[in-house]
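Peer 1: If you read the sequence shown in this note's numbering, its first letter stands for residue 97, the second for the next number, and so on.
Since the hints were made in silico from the structure, they are not lab data.
No experiment lies behind these values; they were computed from the predicted model shown.
All clues given are correct.
Computed beta-carbon distance windows for the label pairs:
1) D125 - Q156: 31 to 41 Å
2) D175 - G133: 16 to 26 Å
3) N99 - G133: 31 to 41 Å
Using N, Cα and C, we set each Cβ at its ideal position, and we do this for glycine too.
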Amino acid sequence: MDNRQISEFEGRLLAQRRLLARLIAAMPDAARDEIRGFMSDRSLPRDGQEDPGAVPSEGQALDHAMADEFRRIDRLVGDRLAD
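Could you build all of it, start to finish, from the sequences and the hints given here?
Peer 2: Structure representation (structure tokens):
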């Protein structure tokens, strides 16, 4: 992947993240709380590592990326609700 493709990918991911956060923030309270609970439950990868500085294996990298994405989306939802 070249730099242009990476930038396009990041731009698409950011747009989707922002749209998803906006949609979640606009949901009725009960539905929004359920989705945020789902994301919160998955915001920490369950890899059993005790060392937070350890480098994840390739298989764990996906789990860590997903957990990070859930945290980012939830943070954006919280920001939208605070406005």
